[in-house]
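Given next are the chains, with one letter for each unit.
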Amino acid sequence: MNESKPMASNSENSIPSRLEAQSARWRRPLGMALGVLCIVYGWAVVSAPIDSSQGVIQKILYIHPPLAYGAYLGFIITGFAGVVFLVRGREDLDRLAIASAEVGVIFCTLMLVTGPIWARGTWGVWWSWDARLTVTLLLWFVYLAYLLLRSFSGRNPRTARFAAVYGVVGLVLIPLNYYVIEIFGSRSMHPENLERGSLGDGMGLPFLLGNLTLALAFFYLVLLRWQVESERALDDAIDTDGAHREGQAMRRGQSPGPPDAAEESPEEMTR
Amino acid sequence: MNVALAILWKDLVSEWRSRDRVIAMLLFSTLVAVVFFFALPGLRPEELRALTPGLLWTAYLFASLLGLNRSFALELENDALAGLALAPGNRGWIFLGKATANWVLISIVQILTAGVFALFYRVDLSPALPGLAAVVGLGTVGICAAGTLLAAMAVRTGFREVLLPILLLPALFPILAGAVEGSLAALAGNPVPFNALQLLIVIDGVYLIVAFLGFDYVLDE
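Taken in sequence, the protein lines are chains B and Y. In this text, residue positions in the first sequence follow this note's numbering: the first is 249, and each later residue adds one. In this text, residue positions in the second sequence follow this note's numbering: the first is 129, and each later residue adds one.
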C-alpha cells in the first residue's frame with residue numbers, strides 16, 4: 249500500500265498540513281517584529297536604572313521571569329498537541345509537540361541558569377530548594393525525559409504515540425508538583441513585589457518589553473522548529489515513496505531507478 | 129476485568145515458579161542499605177535512625193525500577209507482548225492486571241526490606257506498622273501505576289534499562305515527597321498527617337486514570 253503523502257493538498261494529514269501552512273505565514277512578520285523588539289528591549293535594559301540595593305544583578309529581572317512563559321507554555325502545548333494527536337491522529341500536531349518541547353527546554357534551561365546567577369547575587373547562594381526553583385527543576389527533568397524518549401526511540405509512529413502519552417504524564421505533573429510544594433514546601437524566597445506591582449521607577453518599561461519580546465521569541469522559535477520538522481517529515485515521506493517504487497520495480501523484474509512517466513504502471517497512473 | 133485477573137494470576141504464578149524478580153529486588157535493596165551505611169560514615173545511631181524513612185524510600189524506589197523493568201522484559205520473550213496486545217477488550221485491563229501483580233511483588237519486597245533496615249539501623253517498626261503500611265501501600269500504588277505504563281514503553285525502545293529510570297523518576301518525586309513525610313510521622317510515633325495521605329490518594333487516582341487510558345496507545349501494535 250502506498251503511504252506517500254499528497255504534497256499539493258492541505259488536508260490535515262498532508263505535509264505540510266493546512267494548519268502548518270497557515271502558521272508558517274506568520275513566521276516572517278513575527279521574525280521582523282522580534283528583530284525590532286530585541287533592539288528596543290536591549291536598549292531599555294541597558295538604560296534602565298540600577299537598583300540601589302541589589303546592584304546591576306537586579307537587571308536579570310528583565311530576563312528571568314519572562315522566560316517562564318516559554319518554559320511552562322512549551323510543555324503545555326506539547327501535552328495538549330500530543331493528546332489531539334493520539335485521539336485524532338493529527339501528525340502535524342505531533343510535529344508541533346516536538347517543536348514546542350525543544351524550544352520549551354531551552355527556555356527552561358535559561359531560567360535555571362539565570363535564576364542561580366540572580367540568587368547568588370541577592371540571596372548569597374547558588375541554589376535553594378525554594379518552591380518555584382524546585383518545580384522548575386522538576387519540569388526540566390520532565391522535558392529532558394520527553395526528549396530522550398524521542399531520541400532513543402527513533403522517528404516512527406510508535407515513538408510519536410509513546411511521546412504523546414508521556415506528554416500527558418508530564419502535563420499532569422506540573423499542577424501535581426505545585427500541589428506538593430504548596431503542602432510541604434518551604435517559604436518562598438522569590439520576591440513577591442512583582443505581584444503587588446511595585447517595581448521601581450524606570451523598571452516597568454524594560455520588564456514589559458522583556459515579557460513581550462521573550463513571548464514573541466518563544467512563538468517564533470516554535471514556528472521555525474515546526475517548519476523544520478515538517479520538512480523532515482516531507483523528506484521521510486519522499487524517501488519512503490522512493491523506496492516503495494524501487495521495491496515495486498524490483499518485484500516486476502525491472503531495474504530500480506527514478507520514477508519515469510513511461511514506466512509507471514496503469515494502477516499508479518490512475519491513483 | 130477477567131483479563132486483568134488472568135494477567136495478575138499469570139504474573140504471580142510465573143514469579144512463584146522462578147522467584148527471580150523478588151529475590152533480585154530484595155538483594156538489591158539489601159545492598160542499598162549497606163551502601164547507605166558506608167556512604168554516611170560517622171553518624172550516631174540516633175542520627176541514622178532519623179534518616180531511615182528517606183533511605184528506606186530510596187531503596188524502595190530503586191528496587192521498584194529493577195522489578196518494573198523486568199515485568200515487561202519477560203513479555204518480550206517469544207513475542208508474548210504481541211499476544212497481550214491481541215487480547216480482547218480494553219487494554220487498560222491488561223495494565224490493571226500487570227500493575228496489580230507489580231504491586232503485590234514490590235510490596236513483598238518492601239516488607240522484607242523494612243525488616244532489613246530495622247535490623248541494620250536499629251529501628252523499632254512495631255508501633256509504626258499501621259501508619260507505615262498505609263503510606264507504603266498507597267505510595268506503591270502510584271509507583272506501580274506510573275511504572276507499569278512507562279515500563280511498557282521503555283521495554284520497546286533500544287535503551288530500556290536506561291530509559292525507564294529517566295522517564296519514571298520525575299513522575300515519582302511527588303509520591304516520594306508525600307510518602308517520606310508520612311513515613312517520618314509514622315516512625316516518630318505520630319499519626320500520619322492527613323495531607324500526606326490526601327496527596328498520595330490524589331496522585332494514585334490521577335496516575336491510575338492516565339495509565340489505564342494511555343495503555344491502549346502504548347500497547348497498540
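These are computed hints drawn from the structure, not numbers from a lab. Among the clues, some could well be false.
Said to hold, decoys possible - Chain B stretches covered by chain Y per the calculated footprint, using a threshold of three residues with CB under 8 angstroms from any CB of chain Y:
| no. | stretch |
| --- | --- |
| 1 | 346-359 |
| 2 | 386-394 |
Said to hold, decoys possible - Have a look at the derived ranges for each label pair, beta carbon to beta carbon:
| no. | chain 1 | residue 1 | chain 2 | residue 2 | range |
| --- | --- | --- | --- | --- | --- |
| 3 | Y | Gly217 | B | Pro405 | 39 to 47 angstroms |
| 4 | B | Arg480 | Y | Phe166 | 27 to 35 angstroms |
| 5 | Y | Leu204 | B | Gly495 | 27 to 35 angstroms |
| 6 | B | Gly303 | Y | Ala201 | 53 to 61 angstroms |
| 7 | B | Ser399 | Y | Ser146 | 45 to 53 angstroms |
Ideal placement from N, C-alpha and C gives every residue a C-beta, glycine not left out.
**Hints that the structure is at odds with (numbers, increasing)** = Of the numbered hints, 1, 3, 4, 7 do not hold.
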